[in-house]
Amino acid sequence: MSTIHTLRRSFLLSVLSMALLLAMTSPIAHAETKPLTSAPPIEIMPFVNYTGYTYLQSSELQFTVSSSKLTVVDAITQTKSTVSELGAIVTLQRYTGSSWVDASTATTLSTTNNSYYSGSTSFTVTAGYYYRVKSIHYAKQGSVTESVTEYSDTVLVG
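Those letters in the sequence shown? Residues -31 to -1, 1 to 127, by mature numbering (1 follows the signal peptide of the UniProt record, and there is no 0).
What the hints contain is simulated information worked out from the structure, not anything from laboratory work.
For clarity, every value in this text was computed on a predicted model and none was experimentally measured.
Don't take each hint at face value.
[As the list claims (entries may be wrong)] Computed list of lysine-lysine pairs in DSSO-like fashion (alpha-carbon distance at most 27 Å, straight line):
| hint | residue 1 | residue 2 |
| --- | --- | --- |
| 1 | Lys49 | Lys103 |
| 2 | Lys38 | Lys103 |
| 3 | Lys49 | Lys109 |
Just need the whole structure built from these sequences, with the hints factored in.
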(Lines of atoms letter the chains of each structure in order from A and count residues from 1; the text may use other names and numbers.)
(Lines give C-alpha, C1' and ligand atoms only; values in the text may rest on other atoms or scores of the structure.)
Protein backbone atom coordinates (compact mmCIF):
# COMPACT_ATOMS: atom_id res chain seq x y z
CA MET A 1 0.00 0.00 0.00
CA SER A 2 2.91 2.31 0.61
CA THR A 3 4.13 1.79 -2.97
CA ILE A 4 0.71 2.64 -4.40
CA HIS A 5 0.58 5.77 -2.24
CA THR A 6 4.05 6.80 -3.48
CA LEU A 7 3.05 6.19 -7.12
CA ARG A 8 -0.13 8.24 -6.72
CA ARG A 9 1.83 11.03 -5.11
CA SER A 10 4.44 10.98 -7.91
CA PHE A 11 1.71 10.96 -10.54
CA LEU A 12 -0.09 13.90 -8.90
CA LEU A 13 3.15 15.86 -8.64
CA SER A 14 3.85 15.19 -12.33
CA VAL A 15 0.38 16.34 -13.34
CA LEU A 16 0.67 19.47 -11.22
CA SER A 17 4.12 20.21 -12.67
CA MET A 18 2.80 19.86 -16.22
CA ALA A 19 -0.18 22.09 -15.45
CA LEU A 20 2.12 24.72 -13.97
CA LEU A 21 4.42 24.52 -16.98
CA LEU A 22 1.49 24.92 -19.38
CA ALA A 23 0.13 27.85 -17.39
CA MET A 24 3.48 29.62 -17.50
CA THR A 25 3.72 29.29 -21.27
CA SER A 26 0.12 30.24 -22.01
CA PRO A 27 -0.72 33.55 -23.70
CA ILE A 28 -2.32 34.76 -20.48
CA ALA A 29 0.94 34.40 -18.55
CA HIS A 30 2.78 36.36 -21.22
CA ALA A 31 -0.04 38.79 -21.84
CA GLU A 32 0.98 41.33 -24.40
CA THR A 33 -0.96 44.52 -24.61
CA LYS A 34 -3.75 44.16 -27.12
CA PRO A 35 -4.32 47.44 -28.95
CA LEU A 36 -7.81 48.84 -28.63
CA THR A 37 -7.48 50.49 -32.07
CA SER A 38 -5.71 49.77 -35.31
CA ALA A 39 -2.09 50.90 -35.55
CA PRO A 40 -1.49 54.49 -36.66
CA PRO A 41 0.21 55.16 -39.99
CA ILE A 42 3.97 55.63 -40.01
CA GLU A 43 4.80 59.30 -40.40
CA ILE A 44 7.98 60.99 -41.48
CA MET A 45 9.38 63.15 -38.71
CA PRO A 46 11.01 66.52 -39.35
CA PHE A 47 14.73 66.95 -38.91
CA VAL A 48 15.95 68.17 -35.55
CA ASN A 49 18.36 70.67 -37.09
CA TYR A 50 16.57 73.49 -38.84
CA THR A 51 17.65 75.52 -41.84
CA GLY A 52 15.96 78.61 -43.16
CA TYR A 53 15.25 80.06 -39.73
CA THR A 54 16.80 83.17 -38.25
CA TYR A 55 16.66 81.94 -34.65
CA LEU A 56 15.59 78.29 -34.35
CA GLN A 57 18.51 75.88 -34.54
CA SER A 58 17.47 72.47 -33.21
CA SER A 59 15.06 70.56 -31.00
CA GLU A 60 14.68 67.23 -29.31
CA LEU A 61 11.63 65.41 -28.00
CA GLN A 62 11.69 62.33 -25.76
CA PHE A 63 8.61 60.43 -24.65
CA THR A 64 8.73 57.60 -22.08
CA VAL A 65 6.00 55.64 -20.32
CA SER A 66 6.57 54.15 -16.87
CA SER A 67 4.94 51.00 -15.52
CA SER A 68 2.52 53.18 -13.54
CA LYS A 69 1.14 54.61 -16.82
CA LEU A 70 2.77 57.97 -16.18
CA THR A 71 4.18 59.56 -19.30
CA VAL A 72 7.21 61.82 -19.05
CA VAL A 73 7.94 64.24 -21.88
CA ASP A 74 11.31 65.95 -22.20
CA ALA A 75 11.56 68.80 -24.71
CA ILE A 76 14.69 70.71 -25.74
CA THR A 77 14.69 73.82 -27.91
CA GLN A 78 17.90 75.52 -29.01
CA THR A 79 18.39 78.79 -30.89
CA LYS A 80 21.37 80.21 -32.79
CA SER A 81 21.62 83.16 -30.40
CA THR A 82 19.97 84.50 -27.25
CA VAL A 83 16.30 85.32 -27.79
CA SER A 84 13.68 86.98 -25.59
CA GLU A 85 11.70 83.71 -25.21
CA LEU A 86 12.06 80.10 -26.34
CA GLY A 87 10.49 76.81 -25.46
CA ALA A 88 8.01 74.14 -26.48
CA ILE A 89 4.25 73.73 -26.29
CA VAL A 90 3.60 70.01 -25.75
CA THR A 91 0.34 68.09 -26.13
CA LEU A 92 -0.25 64.38 -25.54
CA GLN A 93 -2.18 62.77 -28.43
CA ARG A 94 -4.03 59.43 -28.62
CA TYR A 95 -4.81 57.51 -31.80
CA THR A 96 -8.53 56.70 -32.26
CA GLY A 97 -8.07 54.15 -35.02
CA SER A 98 -8.52 56.75 -37.74
CA SER A 99 -6.98 59.99 -36.46
CA TRP A 100 -4.90 61.58 -33.73
CA VAL A 101 -6.82 63.53 -31.06
CA ASP A 102 -5.51 65.63 -28.21
CA ALA A 103 -5.53 63.64 -24.97
CA SER A 104 -4.33 66.56 -22.84
CA THR A 105 -4.39 70.30 -22.78
CA ALA A 106 -1.32 72.00 -24.20
CA THR A 107 1.48 72.62 -21.70
CA THR A 108 3.95 75.44 -22.33
CA LEU A 109 7.55 74.85 -21.26
CA SER A 110 9.65 77.98 -21.71
CA THR A 111 12.40 80.32 -20.55
CA THR A 112 13.41 83.90 -21.30
CA ASN A 113 16.62 85.59 -22.44
CA ASN A 114 18.43 82.41 -23.34
CA SER A 115 19.49 80.28 -26.31
CA TYR A 116 18.79 76.85 -24.78
CA TYR A 117 15.82 75.40 -22.96
CA SER A 118 15.22 71.93 -21.54
CA GLY A 119 11.98 71.17 -19.74
CA SER A 120 9.73 68.26 -18.88
CA THR A 121 6.14 67.52 -17.96
CA SER A 122 4.08 64.40 -17.33
CA PHE A 123 0.72 62.98 -18.34
CA THR A 124 -1.31 59.91 -17.35
CA VAL A 125 -2.13 57.39 -20.10
CA THR A 126 -4.47 54.40 -20.51
CA ALA A 127 -3.31 50.91 -21.48
CA GLY A 128 -4.22 49.64 -24.93
CA TYR A 129 -3.92 52.93 -26.79
CA TYR A 130 -1.28 54.38 -29.08
CA TYR A 131 0.13 57.71 -27.93
CA ARG A 132 2.52 60.31 -29.22
CA VAL A 133 3.50 63.83 -28.22
CA LYS A 134 3.07 66.88 -30.42
CA SER A 135 5.56 69.64 -29.65
CA ILE A 136 5.61 73.12 -31.12
CA HIS A 137 9.14 74.42 -30.56
CA TYR A 138 9.31 78.19 -30.79
CA ALA A 139 11.58 81.21 -30.47
CA LYS A 140 10.53 84.85 -30.01
CA GLN A 141 12.72 87.87 -30.58
CA GLY A 142 11.16 91.30 -30.89
CA SER A 143 8.17 91.05 -33.23
CA VAL A 144 9.43 87.80 -34.82
CA THR A 145 8.13 84.40 -33.72
CA GLU A 146 9.49 81.24 -35.35
CA SER A 147 7.98 77.82 -34.70
CA VAL A 148 8.21 74.26 -35.92
CA THR A 149 6.02 71.26 -35.07
CA GLU A 150 7.65 67.97 -34.11
CA TYR A 151 6.07 64.62 -33.20
CA SER A 152 7.53 61.95 -30.94
CA ASP A 153 7.66 58.28 -31.76
CA THR A 154 4.39 56.40 -31.32
CA VAL A 155 4.08 54.23 -28.21
CA LEU A 156 1.53 51.48 -27.52
CA VAL A 157 0.89 51.67 -23.78
CA GLY A 158 0.90 48.26 -22.06
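How the hints compare with the structure:
1. Lys49 / Lys103: This hinted pair holds, its Cα atoms lying about 23 Å apart.
2. Lys38 / Lys103: Given pair Lys38, Lys103 holds - Cα atoms ~18 Å apart, limit 27 Å.
3. Lys49 / Lys109: Since the Cα atoms of Lys49 and Lys109 sit roughly 12 Å apart, the hinted pair holds (cutoff 27 Å).
Violation of the numbered hints given earlier is absent; every hint is satisfied by the structure.
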